[in-house]
Structures are given as C-alpha cells and as structure tokens.
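If you want the building blocks of each chain, they are given just below.
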Amino acid sequence: MQATIPEVRVTIPQALRSLCAAAAPLRDGELCVLARDVRELLGELARQHPDVHVRICDERGEPRPHINVFVNDDHVRARAGLDTPLTAGDLVTILPAVSGG
Amino acid sequence: MASRVVVAVGTKKGLFVFEGSPGAKRLELRGPFFAGMPLNAALIDRRGKTPKIVAVPSSPWFGTTIQVSKDLGKTFKPTKSAPAFAADDGRTLKNVWSLAAGGDSTDYLCGVEPAALFRSRDAGDTWEKVSGITDHTHARQWQPGAGGLCLHTILRHGEALHLGISTGGHYASRDGEQTFAAENAGVGAGFQPNRFPEFGQCVHKIAAHPDRPERLYMQNHGGWEDDPTLGVLRSDDGGRNWTSIAKGLPSDFGFPIAVHPHDPDTVYVVPLEGATRTCPAARPAVWRSDSAGEKWQRLTGGLPKKDAWFTVLRDALDLDDGRQPSVWFGTTTGQLWRGRDGGDSFECVTPALPPIHCVKAAVV
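Residue numbers (the working numbering), protein chains in the order written: chain H, 1 to 101; chain A, 1 to 364.
Chain H on its own, in the form it takes in the complex:
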C-alpha cells in the first residue's frame, strides 16, 4: 500500500504573500502542501507558487543565504537540512533572517 503523503502547513513571509498563485490560495498567511520532506515541499512551492519559490530559493533550488526554514520550532539546519522529514500537521515556517544593516 502506498504511504500517504503528509499534509503540512507553510507560512509564507509577509512580503511574498501577494505573489502566491490564486489557484492555491493562502489561508491566514499559510499554505497547505503535501510533502514528505522539506526538499519536496520546496519543489511543490516551485510547482504551485513559482513566483514565491524564485524569491525564496536560488537557481539550485536551495534556500537563499538569508532565508531560514523551520520545521515547527527547529531550523532545518539543526536537523537534516532539506532532507528533514515532515509529518502530517507540521508547521513549516519560512522567514527572512535578521541580517542587514
């Protein structure tokens, strides 16, 4: 039997919410996405919301240097990076870093 793909919630940075595709709209600043890990989630963003994905990820499909991705309270860097697994109901938060000056 094929495993069910978990449905997770994804928060999109405020500055990018207007770029989300109308076909899969935001609800309270969140998207619902089916993905087994963070890499697959970013791939789904590229497919469903390309204008958001290109702002979050570079040409290799990896988060830009000043973009942080959290699964629940954990930065993916502290887990398995883009291979961090997802389970149903997880909250993935994408945030710009506190960099600048």
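If you're looking for bench data, these hints aren't it; they were derived computationally from the structure. Computed from a predicted model, the values in this text were never measured in an experiment. We put the CB at the ideal spot given by N, CA and C, even for glycine. A hint or two may mislead.
Output of the computed footprint for chain H on chain A, the stretches with three or more beta carbons under 8 Å from beta carbons of chain H [as the list claims (entries may be wrong)]:
#1 79-87
#2 151-157
Not everything, but these chain H residues come out facing chain A in the computed CB check (under 10 Å) [unchecked claim]:
#3 Arg-64
#4 His-66
#5 Ile-67
Simulated restraints on C-beta separations [as the list claims (entries may be wrong)]:
#6 Lys-70(A) to Pro-25(H): 26 to 32 Å
#7 Glu-159(A) to Arg-47(H): 43 to 49 Å
#8 Thr-179(A) to Gly-101(H): 56 to 62 Å
Go by the hints and put chain A onto chain H.
Okay, now just chain A, sitting in the frame of chain H:
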C-alpha cells in the same frame, strides 16, 4: 512636453528618482522604491517613444528583480524574470552590477556577480547567458575584489562590446558577442607579482564617447605608491593597448570615470586616497580634463572646502545630456551633488539619502 532632467539614484536601501526642468533649482523627489533593497544598477532607456527607467533591486533575502517604469519613476512593474544561472552551472546569482541597452529596441544586457553576462531579447521578460564571456576559459580563474566578483561595465562602442570585470580585467568582443578576448596590454595589477598579467586586473570602470570609436578611458585600480601610473588609462586603438593619463592628478585611485556627452576629449574622474578610498585631504573635488587626459583641472566650486571624506563609487557619477550637461555624483554618505555647466559649480541636491551606489541622469 518640455524637456525634463531625470536622475535615478540607486542606494543601499532603495531607489530614489529626481525629476524637474533642467534649469530648476529644486527637483521633485520620489521614492524610496524597493525600500530596504540595495541597487547597484539602473538604466534610463530612451530607445522607444516613452522613456523608461529600468531598475534592478537585489534583495539579500529575496533575490533580484528587473523593474520597469514607463512614467519616469512614478510606478514600477517587474518583468517576468531576472537573470539566473542554470541549476547545474554551480554558480548562483548574488547581485546585479550593470544594465545596458542592447543593439535593438527591446534587448538588454545585464552584468552580474559572480561575473557573467546575460541578454534579454524581450525587454527583460526572459534572459539567456552570453556564453562567450560567462563560460570563458578565464571565468573560473577570476577572483573577487572587495565589492565581489562583478561584471560592472557593459559598453557597446564602435563595432565592439567592451566589458569591465573586477577582478578579471577588460574583455572585448568584435564578433557579435560570440567570443571575447582579454585586452589588457598596459593595464596593471599592483596586487600581483606579475604587474601586467593577461587578465585578472581590478578594472573599476570604462567609458567612451560614440564619436571616437577608437578611444576608451579606464579607471583601473591604482593607488600603488611605487607606481602611480596604473590607475587612470586611455586607449587610442579600441581597447587593445592602454597608457596612463594620470599625470597631474593627486591620486590615480578612484572608482568612476565618465565622458562628457558632447565632447569626446572631456573626461571626468574623482581621485581618492588608496588607503581610505576617500577624497585626498578630505577636500572633495571632481577632476576634469578637456584634453583626453593630457591636462587636468580640479573642480571644487560649491563643494566642501575641508573635513569631507567623500567616497564616490564606480557607478555613482554620471552626466546628463542636456545642452549644458550637469555632472551628477552621489557619495556613500548619502549626498547627491549636481555640477552645472559640466561641473563648473556644484550644489548639494539632497544631503542625506542612504549610501549611494549608482546615479543615472538624462534629459528626456
């Protein structure tokens, strides 16, 4: 409509646009657009019936977009995409440093960091790399300067396309951008054991006038105490060979170089101290030569007489092309200056913008 002077000012924190009649004492200020995003590149494109301001904000967080205004900087709209490397290239776009009009009515050329060149044939909606320079056999050997490894100068001049890369040097193509050759004879690199390598020089800016296709001017990375001839250069053979025109300047270090729009012999630089990258003795001056660099004149009218540590970056000086062009320059301390009548008398247009990266001026 009566002519208007338009000045696009890219800063560390967004784009500002100034507009007014060429003789006006005060100009209208609009902006900041793309607030919080640094801009190194902008273009005032007058090829069509409607002049366009094309700006390139590069957000440290959200990447680069190409933004077009058809109403002189009142509103901007992004194109459908921005330059990007292929996923398997290994390089990722960090910044955009130059934007230039291409050879027909809708194409653009865009120089980026890490040093590479992209072309759009559809007014910025789609982009393709220019392989002749982006995949040049030298490309993986270029090294970043303090500002990054950037392709900062795109100059269509005569039958050639000239590029300036820091640190890569000067490259030219004479076959429609199919191939590029390093042309750096006489262009020094004071930071290398071999002072005159084939490539790898830290060229800061290149300028030329369309009426003299054989002549180009270059601000190279000078400031070497043991050789003050490396910084300010001229070529009289289309960029193949370069010689110093720094004699008479207080320093051969600097970033911008610009040519008067109506006189190919008149050229401008802003000499800086090599160590501090600020004006010698903290007394700002623009230097002008009306003899193609043979003799220089110090222009200080209206500028602070002392205690002003101005730094003017490579794209932060420009001349509009009005009947009596003004010299416009911006400082990293956020001042925009206007030198009327070719720089005879300066006035501070605005004293406190964010650090200024680029200034583009035109009369439309």
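Ascending list of hint numbers which this structure does not respect
Hints 2, 8 are the ones this structure does not satisfy, whereas the remaining hints hold.
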